[in-house]
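Trainee: Using the hints, build the complex out of the two chains.
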Amino acid sequence: MKYFMFSALAGLVAVTSAGRAGTLQFNRDIRPILSENCFHCHGQDASKRKAELRLDTAEGARALLEKGAALVPGQPDKSLLLQRMMSHDPDELMPPPESKRSVTEEQIRLVSQWISEGGEYENHWAFVPPAHPAMPAATAWDRQPWDALVRARLEREGMQPSAAATPAAWLRRATFDLTGFAPTTAELDAFEAAVAAKGEAAFSEAADRLLANAAYGERMAAEWLDVARYADTHGFNNDSARSMWRWRDWVIDAFNRNLRYDQFITKQLAGDLLPNPALEDKIATGFGRNHVINSEGGIIDEEYRVEYVADRVRTLGMAWLGLTMECSRCHDHKYDPVTAKDYYRLYAFFNQVPEWGEDGRVANASPLIPAPTKAQREHLSKLEQGRSALAAGRVPGEMSGKGLGEVLTWLRTSVPVVPELPENTLRLENKDGKWINAVKPGQAWGKGPDPTAAAAGMHFPAEGDWKLDGAAFDASSNKPWTWQSAVRWEGGEGVLLSSMDYTIVESSTAHGNGFEIRITAEGRPEVRMAQKWPAYAIQAVGIAPLAKDRWHHVAVVNHGTDNARGFRIFVDGVESAVEVLHDGLSGGMGAKAMRMGSATGKNPDAFHGSLEGMRAWSRVLTSKEIVDLADSLWVRSLPEGPAGSEAALGSLERLQGIVRRHDAGVREQEEKWLALRSGELEAARDFPTVMVMSELSAPRPTHVLMRGNYDAPGEPVTPGVPESLLGAWPEGAPRNRLGLAQWLTKADHPLTARVVVNRFWQQVFGTGLVKTSEDFGIQSEYPAHKEVLDELARNFIESGWNVKALMKSLVLSATYRQDSRVGADLLAKDPANRLLARGPRVRLSAEMIRDHALAVSGLLKPRIGGPGVYPDQPPDLYKGVVVDAAYPGTKWTNSQGDDLYRRSLYTFWKRTVPHPVMTVFDMPDREFGCVRRSRTNTPLQALTLMNEPALVRAAGHLGARIRGEGGATDAEKLTFGFRLVASRQPSEKEAAVLARMLEGLRKSYQSDPTGAGEMLKSADVVPAAETAAADLAEAAAWTALASNLLNLDETITKN
Amino acid sequence: MDCNRFQTWGNRRDFLSRTGLGLGAAALSQLIGSAPARAAGGLPGIPHFAPKAKRVIYLFQSGGPPHLELFDPKPMLSDRFDEELPASVRGTQRITGMVSAQGKLALQPSKYGFQQGGQSGQWISDLLPHTRKIADDICVVRSMVTDAINHDPAITFLQTGSQQPGRPSMGAWLDYGLGNANENLPSYMVMCSVPSKGPPDQGLLSRLWGSGFLPSRHQGVQLRGTSDPVLYLGDAPGISRERRRLMLDGLAEMNGLQLESSGDPEIEARIAQYEMAFRMQASVPDLTDLSKEPEETWQLYGEAAKQPGSFARHCLLARRMAERGVGFIQLYHRGWDVHGGLTDRLPVLCGDVDQPAAALVTDLKRRGLLDETLVIFGGEFGRTCYAQGGANREKYGRDHHGRCFSLWMAGGGIKPGHSHGMTDDFGFNIVKDPVHVHDLHATLLHQLGIDHERLTYRFQGRQFRLTDVHGKVIRDLIA
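Quick mapping for you: the protein sequence lines, in order, are chains A and W. Add 1 to a position in the first sequence, counting from 1, and you land on the number used in our numbering. Add 1077 to a position in the second sequence, counting from 1, and you land on the number used in our numbering.
FYI, nobody ran anything at the bench for these hints, they're computed from the structure. Fair warning: this is a prediction, and the values are worked out from it, not measured in the lab. Yeah, the Cβ is synthetic: ideal placement off N, Cα and C, and Gly gets one too. Honestly, I wouldn't trust all of these hints.
[Said to hold, decoys possible] DSS-like, lysine-lysine: derived pairs with alpha carbons at most 30 Å apart:
1) A:880 / W:1383
2) A:830 / A:772
3) A:101 / W:1383
[As the list claims (entries may be wrong)] Computed list of chain A residues with no C-beta within reach of chain W, every gap over 12 Å:
4) 187
5) 318
6) 412
7) 524
8) 626
9) 795
10) 799
11) 881
12) 882
13) 940
14) 957
Next up, chain W with everything else stripped away, as it sits in the complex (with noise of 0.2 Å):
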């Protein structure tokens, strides 16, 4: 929903946040005489302190990733195989469509290994080697808790602090507040893979990475993994580079007369937007050519790394993307919503997912990117104790379960080797340090120099922001 600023640019805020994509400094100092530049488009005061994280990668795995066989151990499950769900510990809680006509809510076991990683010990999946040997560079968050139980309401709440549509990202609001720091690329760009075997199952929205209310230039960019990683990004055959550049030229010399006789300056930054486009036309290919990546890259990030579309090549994309600058990179690994299929489909996700996301961390970290970098690898909600179906040792499924999941975080200023939060035995309720949603987006923000209360936007009579009225920065992760 691009829905609001219909009024023409009014003034130099409105004006910078409008066209801060295509002006590079000189062109701005051009234009607005001897005023400090901005690095383009970010509002006046922010960040409102010092950031610890200049850029976030989010890895989002969509569908609910299931926290009892990848996080959050809970080995008295395996006591109690195939009891019934206490009352007192469900308490409240919805149950969905999936499971609502079953005879029992029976207490599912995992059947997969945990060990403790690195110095700071913290309990691994067997599922997930090479995120173990990352222990200690990353913050365990076992107590996530999100108040949708379906893909959509969960995601979009996710993603935007609300289950309904209508708001926008957290990387539109980052783009909103900060601007982009890079001349030659968007500052908000998106991956999206589906596993390697096996179902995508539920579709992702591309309002997952809109703007909302805010004006659409806030939107993310996605990179295909097609020949025009950027739609449009080509020129037509027969449109040579020097060509482009003549028709340009030509271009830019017809809009400047317009400027002149009719005074509009939204041309000036119509002009500006060409040379960005035409930049872009370089800058965009020079990050998907990975021609020049040694050897030794993809032995860091797998031979899946050489495949186009993967999650693996896009974790390598994004370290590519945090080189140049890029504010807010999102990933999407589509195919978590495992339901029955748990045991099949589970072994797969976490292949693909597993090494290529552990590369990313170690990656920045030996570039001295980690710090300035936060890191995040999690999916909407998490997946009951009890089996969807019956309880089985070896094949069994789980349904959406809201009430506690499991996230992993990294550099950007979080705690490293850090285990926060607990859950009960029966891994459905938190019992220790929740983190709300809304918490997760406050530190987020946080993180990266904002106020979440500050950064606000007026929209149909109030002002909006990302934690709505909610949200608290947690202390505790941050080091």
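The shape of chain A in the complex, shown without the other chains (with noise of 0.2 Å):
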């Protein structure tokens, strides 16, 4: 077995050994070595060159300087970069000693022959748009085009493609790939009987079927979500849970309905730009949030909102432009032609987003939006149809067709004035009423004079400062309470009431701690609850506006339950719907001393207008009570008269809607609309949210960070792509997101599509043409086969971006349907399999191993998308790591019933603790993303595959199934267990082998009663009571055996 012998160089010398029988390439044979041992000191990055040489480009390597050029072409012995490459001198040998780099004999050898044939440069291939290349002529062996290439390049190595796979070999590997798991005995009999049959076509067809089947867009997702470092947890050491999945489950639609791949990118970088965007498309944007966020105590907040800004670049030049921007965050890249400037432009399109730095403590980090499912929309839809056909059925009522004199003489009289509520805490009354429980500093509490007030109400800014103690009104987080007031807006944001101090420093764990009702600027109703603002906080805005200068009552009402859903917020008696700007108050907010108009002696948001009759209940009051407070105010302020100004009496709608509430024909149906709607409020409570993009309303100005550091801004920039190196903005576009995306999208954009194709190629092939698939830069690997990689990208801009096209290509193609055996002699000339004259044989990915054993046990439960779920997990597994504090998602309790048994990819990802079964088989921790995962081979997975409970399980049901279904004898059983889990019958050894294990196992547990109990128990087999001791024998004989089944190394891979 001599060829672990072959050391790394002698592989790489054999895959491209035999292009160099012709003239050098620059890009292919020396770009690599000058990149990875002259362009530290001789790239880019001025700051750090040195003696003015600079030996990245052409022009720089032929200058002239003090002892000569670098590069003289033709002349070896006269170029400096050589003399210096081959001195014998430490001083002058280069690189130079201490920098630990060194170039082999080979490599000079090679940069001598280049000078010599001429020392020509080229551009960096990856940034020269793929173009169609010259096709070999085709021959019987091609099943796709582009097979030509493959077939011609091993050639030219003197290699001859494998035999095909057998085709149950082919199902097994195109079922894996596009769906994750293997196909049933069904389908592979079904198969094998249409290749009979039709031969060619059965393999189109049963391409076609995987691509319709909607486990594609799972296994698709599954891929993606590692690059876009999904997570159901925020990460850090507080890795609290957030809610994300609406977007993983968007991702997954996307896929099964074949999104063009251009269209995928856009709605992920700026869904929210698109013009109209639907709810769908704003999900989308939750891409750009998947990243970490750090809730620790006392960080500084705009440190990590610039790590996230970062955390954006990174994974967009990871996941579309296969470029590592983040070697340009601190300084220009040492090898890639990208400055720091290029960066921090590029960087200025993401740093638009109103959000913190420090957030997600216990729930989702703004910005977020509602998301409701399909299932959710149409039930809302529902409830609305209900109650706009009762709308529509409006009869009119007895006051109908009255003159409005009439109508409001009859008001006074029939608006019955609301006597005062029992557990009323709080008055602030005027007219007929005493002001009282509002005091001027230094005053008693309750002995306030009344206020030199304006005709109705009290006119803000009042003179003094206007205080309440903390206990005329509770206003904890975690209480029920109703608060009221009549408020006539004169416009400007402003405060009505409020316990948050916005002055004590913002760095500060207590900054703007307390709560507040305010109305914005454009005459919402607001409510703040705060432990610290704005980082732990819930914001919620009614959507009804005020109208300026016009007497309205505002109700907020609090259920008490420390969350935004509690909260809930009236206009004139209706219910408002209410958006959440920020859900993440953490640890609650107590009773504390309050101001009226202003939120503190300073604030800038001093309320203008006047305020009356502002109350308030230690308990929720109904919408029936608090309607007719509404109404009741409403008639009090009526002016004297017998008409009075449209100004006193606000809207005819307004008006309208209380002569219906209290006209007796009508006034059932109208109580049956406003419940009607407070049923669709309250079904909207509980829609799941999704963090999502959006636009700062004013720009914030990016700089160079100065070393990358968020507190050293240098030079300002604007928003911008390196137009020279990867091609120019497109005309019109935005200087934004969507921009952006177009920019990327663009069918002559030489890294997107190339990008892109190549991680599909290296999720069906194991490793991608370019194997450093997050790099295409000059320090990546060239392409093993760059032809095939420039016609597959160029097909796929000219498809319209179609991924099923692509992936139908790539399974269909010859080079992958070659058989994976290997012999020692091919082994040792390619062992890494990169010129592809074998076809993959690749571990499966920790996913695919659970949910096979799941599914040939038949324990899978397959439903599509929502909430992560809680498979087993060892129950002690988070203690002594996990924070002690009670934030979601610091204990894991194992699901219930169906959703032990799901896809792995919708297993509850804890970003700092995950799911050990995914981690042993080497699934990222999504701290990041990640674009290519190790594969390892470990004695932790064995002991995974041999002990996990839910294996275990597994192992006891897939036994009893082949025990049920496999036939009467042994043979036809241990056939079809085999089957199951490796797509093919075992060979006459391997069925001996089988035998073997079942009897050695039988007898074992036959003399041993007691241990073939205890293993159907951990296996979850149940035999009946009366079961004979030999048939408990037997059931647990083959759960061992079904067990090591599920160990089989041909189990857990793709061959």
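Mentor: Structural data, given as structure tokens:
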């Protein structure tokens, strides 16, 4: 087995030597040597450049410097570049010994040959847009036109493609690649029959069937979730729960309906900026918010906000540009022609989100939106239809058609003045009542003088500082209460009632601690409740605005649930829909002293207008009580005389509403209408939310950050892309994320399609055509088959970015269909199968390993989408590790029922302590995006497959299934079981080994009925009470055998 | 972020590094013919030079132990009680949100006394009487400095050399570089404990012992204080040892047939990993079986060592791991983020760790293992010289402080009985011989025979290392 002796260098030479028979190519042969050894000091980063020598451009290399030129084309002897590499003088030698870099003799030989051949530079291949390559003549071997490119390359290397794999092997491979499962035995039978009957057409039909399977979307999504760093928690050491599963489900759906990939990019980057964005378009932008978010108390907000913006740039670079953009965050890129300024221009696109660095301790961070599912939207729409039908069927009431004067007179007598409700803890009255409970500084409680008020209500900004002590109104977050006031708003943003102090330094954990009701600049009532503003706060806005200079009744109800769900806002007695801007109150808010008309003495948000009839109750008033209060107050404020001015009356609609509510004939109908409306709002409060991208109303300026530090802004920059390197900004495109998406998806963009196609290739072949799928820059490995990559990228763009068409082309190709078996010669020549003279053979992903076991045992519960689920996890896994606080996501309780056996991509993903079955099989923790998983082979994997409780149960169910469905004889049963896990018949030898294994286990359990019983119990196999000992042993033996089947290398391998 | 090395393995070095955990020398020599077998899976050329230490035991005190109460006495603070921290001392230091609203940064002396210990006369707190007894064995570094002032970035920095997640931990780098000298246990093991009383507060993150961008096989294996000390180690009831052997024999035979037909050497590795798993099912229980420890062990480590999951128990297990050749033994003890509760909580925390940490050093020394084992005791940063809340002689708190903190090291070629570095009279700034976190890493690698500039891994187009582009070996720490 000599092939193990081959070194990395030998492998490399094996791959590239054939191409070197001719002239050397700068990109393939020379640039990697210079890039690794020279560009660090002689590259494009001017600040680090030594001796004013630049070797990353031809001009720089040929420039005549003091001692000569580094590169003299055709003359290696005169080229200082080569001479310095060969020097024996340590002071002269390049790269210098202290750099700990060195060039090999082979590399020196190559550089010398290249200089002899003229020393030509080439643009880096990946920065030149892909073009269709010249196609070699087709042969019968090809199944896809591009197969010819693979075959021609193999011929140049003196190699042959391998024979085609069996149809069953192909179906297993394609089914795993496209759906994440093995084919069922029925599918295998049907496919083998179809191939016999119609040959090639059977493959295409099978591929179509797999692409149409809803499991396809889940399989494709599982790959994308790594790139997009999807998780169910925020990360960092609090690592509490977040809700992004609506975004995850959008991804599954996008793949299943084969959303054009350029749209897949556009919607995720900038769905919110599309004209009239649909809810789904906004949900898609959750991609930009999947990054980790820190809620550690006392962190510096801006430091982390900057990290989130940087994460978006990093993820963009990794996912679609194939460039390590983050290398330019602190300084110009050492290798790629990307400057720090380029980096911050790209950064500027993502720097416009109204977000905070410290957020997300107990829920989603801002900005967020309600994201109802399709079912929830349908339910809501049904409710709305019912209310519309009711409104449409309204009959005229008794007062209909009467004159205004008559109506008003009638109202004065018909609308009862609501008597003081019990538990009234706060009263602020004028007119007939007294002003009480509001005190000026220095005055004792309850003894305030009547203010010199305007005609109605108390006018603000008021003289002095009007305060209420905490006992007057206990506005705790976790207690039920109701607050109301008549409000006459004169415009501008202003505070009605507040215990928040914004003058405490912003970085303090006590900043803005308190409760507040305010009117926004748009006239909307807003309620705030904060532990620390704005990081740990509720911010909810009623969307119904007040009209300026008119009296309105405003009420706020808190159900005491400690979150935004508990808050309801009423305007003029009618419940308003509430927009939750933030729902992150952590640890609750208790009673505190308050001010009226401003948050603090110095607060600029002083209220301009008048307040009257402010009251509070320490209970939740019913909708009926609130509307009665509103109407009562309105009637009391009616001007004297027959008509009154329009200003005093408010809108006609409001008048009509009041009339209808008190008009005997239609009152019941009106009450029903109000109840239906509250029902709708109740339903809407249950909607899941999702974090999304949005733009600040006033753009935030972006600067180059010196050395990447948040607190060291340098030169200001505008949003933009490296146009001279990667192509011009599309004409007329907006300078925002939408324009960025248009630029990325231009048909002549050199990178996007290549990077995407390469990743899909990696998904089915195990390794990308460019191995470094996150990096196509100058330090990347030259592609093993560049022409194939370019051809596929062009086809992809020209097909309309059609992912299913691409996947079909890959799995139907002759390249993919090759047998994966490998002999010693081929293994030695191409150990990593970069040249593709054989089919892929790789271990399954973590998700597929578990899903496969659940599927063949019959435990799997296929259901698409929904919140994360909690399959078995050791109960003490978080012990000693997870933060000691009652934040959501810090406890794991195993799911009940079906959710124990859902597909693995639905497993609740806790970033700091992910599910061990997933991580042991190399699933990344997703603190950052990841485009390539490692694929390791460890004893912990063996232990997991042997003993993880759910997998032991799967063995029990698989064993029972084999006994039940596998046929009459042991041999039939063993074949059935083997075929379930490996998708093929066992060989004779294998059948014999399995039979011996079964016999041994049988004997072992026959002599140990207790052990058999224990085995069955842990494997969830419940034998009938009267089962004989022999049957117990039989069931136990099959369970153990099934466990071994699940542990086979082939079971967890796609081959 | 287990995010690299996607290709199937392709050469001998790659093969060894991916499968090293499992292959005994015999299996290796079978596989690679007459090629000399390395212990298991390290990089060629490593160690770069003769190592002083063979392994590391890191007793990490998570949360920020207060250097002014433990290792760095500052009598002047008592004279200037409740005075404002001079602006000239504070300089440009960032202040956390915990105290940024305080009107005053009032100087706060330690209420705990200090005495000199041993021949070396090192100053050690009255809270750490056992540690003081080993003063001549330890090197106290009073001039540690870090870039971070909050827990997550600071711990991540200390464990991985970067404040941002995504880099490999120290232990993962060593597993990658040195491989595993042990055929029966992982080379990198982790144990987490919480205070015996009071809140454990700040959470840990499994990425602290993660492999970052290195292949995930280099990540630490957590030893838990439960019946299944390594996850999924125990066979299901009804699978006896003999039956497991029977099953694995059949499995190996089936996998062997698949190897024969497919030619994929990865299968050979898989067979070996199942054998390693089988051995671990015996070696881990053997490691954690303390029934044969003599009475004097319990006297040495304290009664708390009888409690599974305690720091004392973990110190004892660390010694047993050292005896068995585990390369990087990482302990975490949580609860040091004392803030306003410093005076209530410090005695408990010190009571938890003082005796067992000193016992570990003593135990290793008498077994002749201390010379080859580097023991480090310390947290991610220190605490401020001003009070969080008001200054008070009896009951006070301190906030996070990264400008200076203290730790101690012992064994592994480090100077015993030595104090390194000096802070100013406020215990706020370093005035002599700073040791940056990167320097600590460089020195640690150096003691293991590794040039920190040459232990690199290529990721995203560049060569990464534990010390990033910084770090220098602190010669004065080395014996």
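Trainee: Run through the hints listed earlier and report the numbers of any the structure violates, in increasing order.
Mentor: Result: hints 3, 5, 11, 12, 13 and 14 break, sorted rising.
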